[in-house]
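Chains as they are written, first to last, in this note's numbering: chain A, 17 to 363; chain B, 17 to 363; chain C, 17 to 363; chain D, 17 to 363.
Honestly, the hints are just simulated from the structure, not real lab data.
It is possible that part of the hints are untrue.
Put simply, identical chains are the same to the list, so a pair is met inside one copy or across any two.
[Claimed, not checked] Subject to a maximum C-alpha distance of 25 Å in a straight line, what follows is the list of computed SDA-like cross-link-like pairs (lysine to any residue):
1. Lys221 x Glu274
2. Lys221 x Asp276
3. Lys221 x Asp269
4. Lys221 x Pro204
5. Lys221 x Gly321
6. Lys221 x Glu296
7. Lys221 x Arg188
8. Lys221 x Arg278
9. Lys221 x Pro270
10. Lys221 x Gln206
11. Lys221 x Ala203
12. Lys221 x Ser205
13. Lys221 x Arg319
14. Lys109 x Pro136
15. Lys221 x Val282
Predicted model, so just to flag it, every value in this text is computed and none were measured.
There are 4 protein chains.
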Amino acid sequence: MARTTVAVLGASGYTGAELLRLLIDHPRVEIAVLAAERAAGARIAQVFPQLAGRLDREVEALDTERIAARAEVVFSCLPHGASAAAVAALAAKGRLVVDLSADFRLRDAAEFATWYGPHPHPELLERAVYGLPELHREALRGARLIASPGCYPTATILAAAPLLARGLVRPRLVVDAKSGVTGAGRAPSQGTHFSEIGEGVRAYKVAGTHRHTPEMEQELSAAAGTAVRVTFTPHLIPMARGILACVYGEPTDPSLGEDDYRSALVEAYRGEPFVVVLDEGLPDTAHVRGSNRAHVAVRLDARAGIVVAMAAIDNLVKGASGQAIQAMNIALGWPETEGLAGVALFP
Amino acid sequence: MARTTVAVLGASGYTGAELLRLLIDHPRVEIAVLAAERAAGARIAQVFPQLAGRLDREVEALDTERIAARAEVVFSCLPHGASAAAVAALAAKGRLVVDLSADFRLRDAAEFATWYGPHPHPELLERAVYGLPELHREALRGARLIASPGCYPTATILAAAPLLARGLVRPRLVVDAKSGVTGAGRAPSQGTHFSEIGEGVRAYKVAGTHRHTPEMEQELSAAAGTAVRVTFTPHLIPMARGILACVYGEPTDPSLGEDDYRSALVEAYRGEPFVVVLDEGLPDTAHVRGSNRAHVAVRLDARAGIVVAMAAIDNLVKGASGQAIQAMNIALGWPETEGLAGVALFP
Amino acid sequence: MARTTVAVLGASGYTGAELLRLLIDHPRVEIAVLAAERAAGARIAQVFPQLAGRLDREVEALDTERIAARAEVVFSCLPHGASAAAVAALAAKGRLVVDLSADFRLRDAAEFATWYGPHPHPELLERAVYGLPELHREALRGARLIASPGCYPTATILAAAPLLARGLVRPRLVVDAKSGVTGAGRAPSQGTHFSEIGEGVRAYKVAGTHRHTPEMEQELSAAAGTAVRVTFTPHLIPMARGILACVYGEPTDPSLGEDDYRSALVEAYRGEPFVVVLDEGLPDTAHVRGSNRAHVAVRLDARAGIVVAMAAIDNLVKGASGQAIQAMNIALGWPETEGLAGVALFP
Amino acid sequence: MARTTVAVLGASGYTGAELLRLLIDHPRVEIAVLAAERAAGARIAQVFPQLAGRLDREVEALDTERIAARAEVVFSCLPHGASAAAVAALAAKGRLVVDLSADFRLRDAAEFATWYGPHPHPELLERAVYGLPELHREALRGARLIASPGCYPTATILAAAPLLARGLVRPRLVVDAKSGVTGAGRAPSQGTHFSEIGEGVRAYKVAGTHRHTPEMEQELSAAAGTAVRVTFTPHLIPMARGILACVYGEPTDPSLGEDDYRSALVEAYRGEPFVVVLDEGLPDTAHVRGSNRAHVAVRLDARAGIVVAMAAIDNLVKGASGQAIQAMNIALGWPETEGLAGVALFP
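The following block holds chain A by itself, in its conformation from the complex (with noise of 0.2 Å):
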């Protein structure tokens, strides 16, 4: 069987190694580009040395026509704004293309507007499907404009959507959620130095100043069948990998026990193959870590009348690229879980 010529734009940061490790194991695919501005000619494993005896390949400037020329699928990892301009000229050009970035997240043009500017490319967005498989399988079977959804938005929305599309909790939720520093990005920076970082907690754009914020409320309002309100703060762990999301709401029913939000939970993801309702326990981020798998857990405080789900990714599988690679395979009419089934490395 040929494979598919796979294309990585942005290959030089995390999503884009994490595409690699991936990719390079995927058996349809076959990575025929690797771009990059700022490591444009370096080998791959002199970038990332973990790749050093899997993968031998030039990265390249980013030539949207080149890569057109010999890729049938491209997985964009630019930067917001960057990605927008990559990504409308090679889906222009018939690919298929899985955006990692947030520049086709939103569907209302004026929503995206307010959070990160104008949109370069508006007519896109409703063409763009949002690459969560567990709400949106049947619009990615054939789709060919990928919007792979945030990290944050991700372990939120797999913990909360089932219990407000059951009407289980009010539309106006409290999530508060952790996540390990590779979320930050590589690009060294005062705050993500190790002596500064690597033994404290602090919360980052709190009060709904985080841009992840719009594309909850999208999602779950669109889950709820109603306008869902999110104050979200997202915190920066000392660990590399992981998003542990605490979503809080209040029951419609007072009548209801645990038993029946865990319901609601189980029954959403019966048959899902990367979802695990956990039986005990609660999710730790250390059991994904490197899986595509979310563990899931919902627990109600029939004290205080709140209801507290939770869900556990790693930020850079399920959350990024893992996730981009599920949509992928959906949309080519490929086992969902092909190149994706592996363990967590735990510990």
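Since the structure of chain A is provided, determine the placement of chains B, C and D on it from the hints.
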């Protein structure tokens, strides 16, 4: 000036060690007795090598008669239950006792029984003063039995009490807190084994099952003048020390702005030696590690209609041993900052 | 093609879990038996939640009769001593046994006795093949009893053997190695409690007291063709996985340059699927985490007259479970990289 | 008693912050000037939030005239090269200068030139006293220009000098040292980005290329009374603070036992306020974090004929700022432990 003799019970645990670190350089005290069941017979520097060269003393078995004869002040770091018995015996002999366990924190014996089982000395509950100086400074002057607050309640109360006291948020809070692993104590366990917890984050005792919940509610209700309900989610974070508490509440007056909430904190903590309301930036546990300071801040998410108050403390200092010394200083009429002024160890 | 049935003894520890992670996706095997004394009766996903959704099987008590009846290949992750008995029983029944304990690594029963006490089955020592494929590939073909190497010896031997084999350094080495904490196993202890070990570094079992010393000497002496003496210092580092070994030796020929030493490594490992001699940069355990690869390098300190050879491995993969599978692949005549090709998880 | 005015140059880096932490509570000094080029104009608590509530002062640009007018003692934490110019100017004005850079540590201008390029003020080299009190206490009394030792040399010299001084080991050492990441300074870089370095270990500047090598050789040669050769391998470890140095040497007298080496350390450090020769156990950086103490130990590998001496320090305290204050105390005739007695922060 003759130094006041002090005893530390439970000297082989982390709060015991932290008391020793601070008391060694306290100019008004002399460490006269170290007691700990398991470590009895050992030199303290065998138990804690960091004390080599500063404190050379044998750890004794717990004998309240012998302790009362040699110490004017007693700090108990014994586990709850065990602590109550020792505290009662030493208090009966007229010693000033600062209890770091949970045994005397709740005013209501019935509430205590709900969470911990029947109280062995309910008659002492009304005599005990809850040792949070920022709320109970006057009551602490001359106090003889001090219940030193829990680590999570300290951070939560410092963040939220001023807002509740001024009626700025509704009496129903979501508290999502992140703790370093020393909060789980010194006894080895699967859950705190380095390889299990070193690169992940997880919640535990969620949905109102953590025993610090009633303590928060007691103190916040007193501050609010009305019953306050808290849903509390603690997390363990891969760092040794620190607690960051995020408290979410609904504004009572939608016309207020972020500055109004901030002003409430500034006003509440004016002149407080150990609470810093941050001018800019958000609390980071790394900035209070090893110090008795709390860093607090508040933000308004006007979109979602939620106030987020945050506090960062060192769980072993302001959340335990430092605060216990602060309370002793007040009880004895000494300068409140004596022995506690040290700057945090950053990085 | 029918899959070969395998059993994992000691499945509740870290090397057991790592075997499962790798064997689950190995295309030629079927995991038929999981055995572990303490965890017997539990589902494996209760013991290791990362396996939820991938492996649903009960852990059994250790019964070699029942195991032999259902598994063609047996991996033993039992503690040394306990392992020898199970290995002997299963080998007697004709099973291919790969022993990850230390019980069959030393050829010399007297040497074994010096370090571990009398060997319970000395007659098997000469039948066991030391499972380091880079040195013993031919002997592994068709082998039925494989002693999988220790983690420290693997790193040390890979760095030093080519230099000794070519007579480039004198047969007396200083080995200073740094290990992640998983090397200490899964049982909780004071020394591996997160709060004790999370922010520090220390040596242990120094000055020739670590039992991996005779194993290094046996293999390096064989490579050198003369008795090699090693002084070995292991350290625990606040990370979960990885070993970095630095080996110091004196050049035999002062006229040689750094390139000569490097050429020896390049030549020794030409064609090796799992050893990468770095072109530039130095080995970093972060670049091999989760993979079966070793990164090696050598430098000459011409001023001081010392050659420094280094190797980085993942102690649980190339240092244990991955290497055990590699040896099985060879023993059974399968492609050596089957099930082991995965790229390291970085970051 | 009037306090002595001090200035800290380079106050925005880690050694600057550590000086401030210690000097704030030093009973004989007053922090009069903070200078740092990049941070000039900021309040120090904006640069280091841990100082909020303890030190409220503006950071100034570097103006040696203005500094000399207001400070009697100057600590320079400027980068090497930049430091020499400021030190020369301030020394010329009669200020007591403690230089934490490498600029005045080597006695020999030619040796300095080999490692750093031509020295801008070679005439000052002979005036500078190497500020390791355990070796140079007498020379420090009354000194006016103090070259504070490097972090790696401090640990290495404390471990090895007594053995060399007594002729117990041959003058050729292997030094394998492990450092926390603060040793690499506060400027962000790829190599010290949390996600790159947080879960791995690697060596750097190996094989005699690290500039601390000549400093070790200078001091150890002086102690030995003969030229000592060192091959030095530094490593970065995923922790913020601490250095553990392992020093390997050959015994000169094979008949000696471990106690003989230990006695040499005990004798050398009798009465030293900041060096603890451990009775049992091995040095652990966690036990000296935040303190000015060094923990040292020695072991004999009689099998291999190697002596292993070890020292653990906090690189920012005994390896930098604490030792600089210790030297100032001696130079000014103050009690040597003034401001430095604090116990390590464990855990």
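Hint check:
For the homomeric pair lysine 221 and glutamate 274, the shortest alpha-carbon distance between copies (15 Å) is at most 25 Å, but the shortest distance inside one copy (32 Å) is not. In this assembly of identical chains, lysine 221 and aspartate 276 lie within 25 Å of each other by CA distance solely across copies; the values are 20 Å between and 34 Å within a copy. For the homomeric pair lysine 221 and aspartate 269, the shortest alpha-carbon distance between copies (24 Å) is at most 25 Å, but the shortest distance inside one copy (33 Å) is not. Taking the closest pair of Cα atoms, lysine 221 and proline 204 come within 25 Å of each other both inside a single copy (19 Å) and across two copies (21 Å).
In this assembly of identical chains, the alpha carbons of lysine 221 and glycine 321 lie at most 25 Å apart only when taken from different copies (16 Å versus 28 Å within one copy). Only between protomers do lysine 221 and glutamate 296 lie at most 25 Å apart by alpha-carbon distance; the minimum there is 13 Å, versus 33 Å within a single protomer. In this assembly of identical chains, lysine 221 and arginine 188 lie within 25 Å of each other by CA distance both inside one copy and across copies; the values are 19 Å within and 24 Å between. Taking CA atoms no more than 25 Å apart as the test, lysine 221 paired with arginine 278 passes between copies only; the shortest distance there is 17 Å, against 31 Å inside one copy.
Taking identical chains as interchangeable, the C-alpha atoms of lysine 221 and proline 270 lie at most 25 Å apart only when they sit on different chains, with a minimum of 22 Å there against 33 Å within one chain. In the homo-oligomer, the alpha carbons of lysine 221 and glutamine 206 lie at most 25 Å apart both inside one protomer (16 Å) and across protomers (24 Å), since each shortest distance falls under that limit. Taking identical chains as interchangeable, the C-alpha atoms of lysine 221 and alanine 203 lie at most 25 Å apart whether they share a chain (18 Å) or sit on different chains (23 Å). Within a single copy, lysine 221 and serine 205 get their C-alpha atoms as close as 16 Å, and across copies as close as 23 Å, so both meet the 25 Å cut-off.
In this assembly of identical chains, lysine 221 and arginine 319 lie within 25 Å of each other by CA distance solely across copies; the values are 14 Å between and 31 Å within a copy. For the identical chains of this complex, lysine 109 and proline 136 are intra-copy neighbours only, at 18 Å inside a copy versus 62 Å across copies, given an alpha-carbon limit of 25 Å. For a Cα distance limit of 25 Å, the shortest separation of lysine 221 from valine 282 across copies, 22 Å, qualifies, whereas the shortest one inside one copy, 33 Å, does not.
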